[in-house]
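Quick note, the sequences are listed as chains A and B, same order.
For the first sequence, counting from 1, position 16 maps to 16 in the numbering used here; every step adds exactly one.
For the second sequence, counting from 1, position 183 maps to 183 in the numbering used here; every step adds exactly one.
Worth flagging that the hints you see were computed from the coordinates, not collected in a lab.
Note that this is a predicted model, so its numbers are computed, not measured.
A couple of the hints might just be wrong.
Since copy identity is lost for identical chains, a pair holds within one copy or between any two.
[Unchecked claim] Taking lysine to any residue and the SDA-like style, the derived pairs with C-alpha atoms no more than 25 Å apart in a straight line are: (1) 130 <-> 51; (2) 16 <-> 207; (3) 186 <-> 238; (4) 160 <-> 116; (5) 11 <-> 28; (6) 160 <-> 76; (7) 130 <-> 335; (8) 209 <-> 15; (9) 16 <-> 88; (10) 209 <-> 62; (11) 80 <-> 320; (12) 11 <-> 208; (13) 130 <-> 113; (14) 16 <-> 268; (15) 130 <-> 240; (16) 89 <-> 62; (17) 386 <-> 45; (18) 130 <-> 7; (19) 80 <-> 368; (20) 80 <-> 24; (21) 160 <-> 45; (22) 89 <-> 345; (23) 11 <-> 226; (24) 11 <-> 295; (25) 58 <-> 278; (26) 80 <-> 355; (27) 16 <-> 182.
Number of protein chains: 2
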Amino acid sequence: MDNFIFHSPTKFIFGKGREDSVGGLLSEAGAKKVLIHYGSGSVVRSGLLARIKASLEKEQIQYVELGGVLPNPVDSMVYKGIDLCREEKVDFVLAVGGGSTIDSAKAIALGVPYQGDFWDYFESGDAPEKVLPVATVLTIAAAGSEGSEHTVITRLNGSKKRGYGHPKMRPLFSILNPALTQTLPKNQTAAGAADIMAHIFERYMTNTKDVEVSDRLCEALLLTMLREVPKAISDPNNYEARANIMWAGMIAHNDLVGVGREQDWSSHAIEHELSSLYGIAHGAGLAVVFPAWMHFVMQHDIARFAQLATRVFGCEMDYFHPENTGRQGIERLEAFFSSIDLPTRFQELGGQEKDIPYLAEHIGIGSGRLGYFVPLSTEDVIEIYKWMCRPTKRA
Amino acid sequence: MDNFIFHSPTKFIFGKGREDSVGGLLSEAGAKKVLIHYGSGSVVRSGLLARIKASLEKEQIQYVELGGVLPNPVDSMVYKGIDLCREEKVDFVLAVGGGSTIDSAKAIALGVPYQGDFWDYFESGDAPEKVLPVATVLTIAAAGSEGSEHTVITRLNGSKKRGYGHPKMRPLFSILNPALTQTLPKNQTAAGAADIMAHIFERYMTNTKDVEVSDRLCEALLLTMLREVPKAISDPNNYEARANIMWAGMIAHNDLVGVGREQDWSSHAIEHELSSLYGIAHGAGLAVVFPAWMHFVMQHDIARFAQLATRVFGCEMDYFHPENTGRQGIERLEAFFSSIDLPTRFQELGGQEKDIPYLAEHIGIGSGRLGYFVPLSTEDVIEIYKWMCRPTKRA
């Protein structure tokens, strides 16, 4: 196990009706004027936004609103938010929505106190001096942004999708009411599940030895997802399934299960190109990318894939041919994604094979590094994209 | 899943050599004068205390020292610490040691700003207005106090062992260097393991339904312990095993795996009477108490015991007689404790059967409640103590 620091100071307020406490929590945190940031009209239509405002008004907290965050949040909205916060002297950013809204809120909170362009941080990776405090009311179990220090923003000019993270961007508090996710359509529930599972796989696939405790915790979360997601898909109103998924989604990405081990985030980068070019849901892209990436890298550590297959996917170990067990695990993952109607092929994302060289080049590996479990070259990425185009078994 | 709040703001600095950063961390936290609190002479002999002092001196942080905390920490030491902190105008308490030292440090930090007797909090359960900040350098993987809001203190007058907890007592930071646990004798390593496993069982045994994610996380930690503890027992210098156990021990008790579910801490209370009367290690007592308690309550929820037996102890499910599977799980737990040379019988703790009525009465159930999974009467507790006296299979 490698040396590490783990610090997850976010306060999680979990359960039914919890969003009504938001005003009190903001007041406790000393917020004077809040930006309420949200995405689509669904938080308006459901009455959630009105309830949030009522809770703030009860505590005499001032606020301004900014809605319209896109599923893949863009820099133009961040600039708009920064300007608004400066004009209105906002001292606290409250995100009401899913990962995109929270990521947009974090980028705004990062940009407000900074003299230059917030995008500088995404290019340089430098640490910020100050970030406005951020809190969240989560409405989608997926990105894990409610408990993480990360944000992912798309720069429209050049369609670059890039991530940035710093401990100062961890939300001060996050309100998680699983009932708010009951209105999600099935495809969003499924895409969110794929995102959560990807966050676990990206930590699970490591070259660090002797990491039994985090291996086991990763497996625990994956087993939870395999059991609970189909319940939420077949009955969207299943509160208990929603609750298990929502809490697993937070733990999957606050890094508890990833500390002390090298991680591999190349799949996320490979997917970011897809959602950036085709405008698809990140989770849907990940459902296509992950089995393909696993297929490409499995030979690097067959034992690890066999462990995953037996402990998580219930495969019987073939002691004489462990690669068969590993392969069966990947097939079961793909079958699981199919069973919840996620795409598993490039074409299903609207992808065209002719775009593959562009996609691979655009990641911009250059002299940099993509991946730690297995470092990938641009040619490797092309191979992985091509594998996504293979015919389905059903076809 | 029940509604809950989870807030674990402690910063964990984990790995080899991390104790050398303690001065910098204290300086960052604004500490001016620190009480260094420790237990036995081993932290002196090993040179750890000298390294800690050197780190503080480098940052020009003043300190006073108080050693001699007993394995079951007592109120007289707490009073001594409170007096010393007031005289010396200490503003930060640093515990260097295991759970007993950390618990003693928390009680001191609780008592210093309070006008009355710190024990008031243990009787009333009231929330404190202020607590001095606490940090830890952990030397034993066991109690989980490095990440928890709890403390357990023995009151010498009347030999009462009582617990108290409040979020303000969570350590500000905790330094976890697994190498510091390599010098522990086998019996202390084993007793620590039993304590960690008990913290998991106490959360696992619940009547709350649909808690798959926390069930799975509990099981993940137990599986880790079953695999790693025997390695650390057979080779005390196995850093990797020590690291997995140490991190599992923290997660087992910062309540991540216990939120959203009713818990049952009656076993801890039953054990506290044993360690209070016979002066034994808490973990050794738990190894005796747990299988007996499980035997007594299993009929209440056979499915849960069968789940534990199959998922954690590798038992094959007997679908027609699930109680056989559940019982086999308990037997395997007992066999595991035996395999690491922990006691499993009352007599091995120096217990005498004639003490049983006194022990059971002394818990003081009265009109109160002991246990949530299965509420226990004084008669039930007597039954459980008696079961601990049964002949061993080997005999």
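Going through the hints against the structure:
1. 130 <-> 51: neither (30 Å within a copy, 34 Å between copies)
2. 16 <-> 207: between (40 Å within a copy, 19 Å between copies)
3. 186 <-> 238: within (13 Å within a copy, 48 Å between copies)
4. 160 <-> 116: within (19 Å within a copy, 61 Å between copies)
5. 11 <-> 28: both (12 Å within a copy, 22 Å between copies)
6. 160 <-> 76: Classified as within: same-chain Cα gap 13 Å, cross-chain 64 Å, threshold 25 Å.
7. 130 <-> 335: neither (45 Å within a copy, 55 Å between copies)
8. 209 <-> 15: Between. Shortest inter-copy distance 15 Å satisfies the 25 Å Cα cut-off; intra-copy 37 Å does not.
9. 16 <-> 88: neither (33 Å within a copy, 48 Å between copies)
10. 209 <-> 62: Result: close neither inside a copy nor across copies, 51 Å intra and 40 Å inter.
11. 80 <-> 320: neither (60 Å within a copy, 64 Å between copies)
12. 11 <-> 208: Classified as between: cross-chain Cα gap 23 Å, same-chain 30 Å, threshold 25 Å.
13. 130 <-> 113: within (6 Å within a copy, 32 Å between copies)
14. 16 <-> 268: Close neither inside one copy (32 Å) nor across copies (31 Å); limit 25 Å.
15. 130 <-> 240: neither (39 Å within a copy, 37 Å between copies)
16. 89 <-> 62: So residue 89 and residue 62 pass the 25 Å test inside one copy only (11 Å; across, 41 Å).
17. 386 <-> 45: neither (42 Å within a copy, 62 Å between copies)
18. 130 <-> 7: both (18 Å within a copy, 23 Å between copies)
19. 80 <-> 368: For residue 80 and residue 368, neither the intra-copy (32 Å) nor the inter-copy (58 Å) Cα distance is at most 25 Å.
20. 80 <-> 24: For residue 80 and residue 24, neither the intra-copy (28 Å) nor the inter-copy (40 Å) Cα distance is at most 25 Å.
21. 160 <-> 45: neither (32 Å within a copy, 57 Å between copies)
22. 89 <-> 345: neither (47 Å within a copy, 67 Å between copies)
23. 11 <-> 226: neither (27 Å within a copy, 32 Å between copies)
24. 11 <-> 295: So residue 11 and residue 295 fail the 25 Å test inside a copy (39 Å) and across (38 Å) alike.
25. 58 <-> 278: Cα proximity of residue 58 and residue 278: none, with 43 Å in one copy and 56 Å across.
26. 80 <-> 355: Intra 32 Å, inter 73 Å, cutoff 25 Å: neither.
27. 16 <-> 182: Intra 12 Å, inter 45 Å, cutoff 25 Å: intra-copy only.
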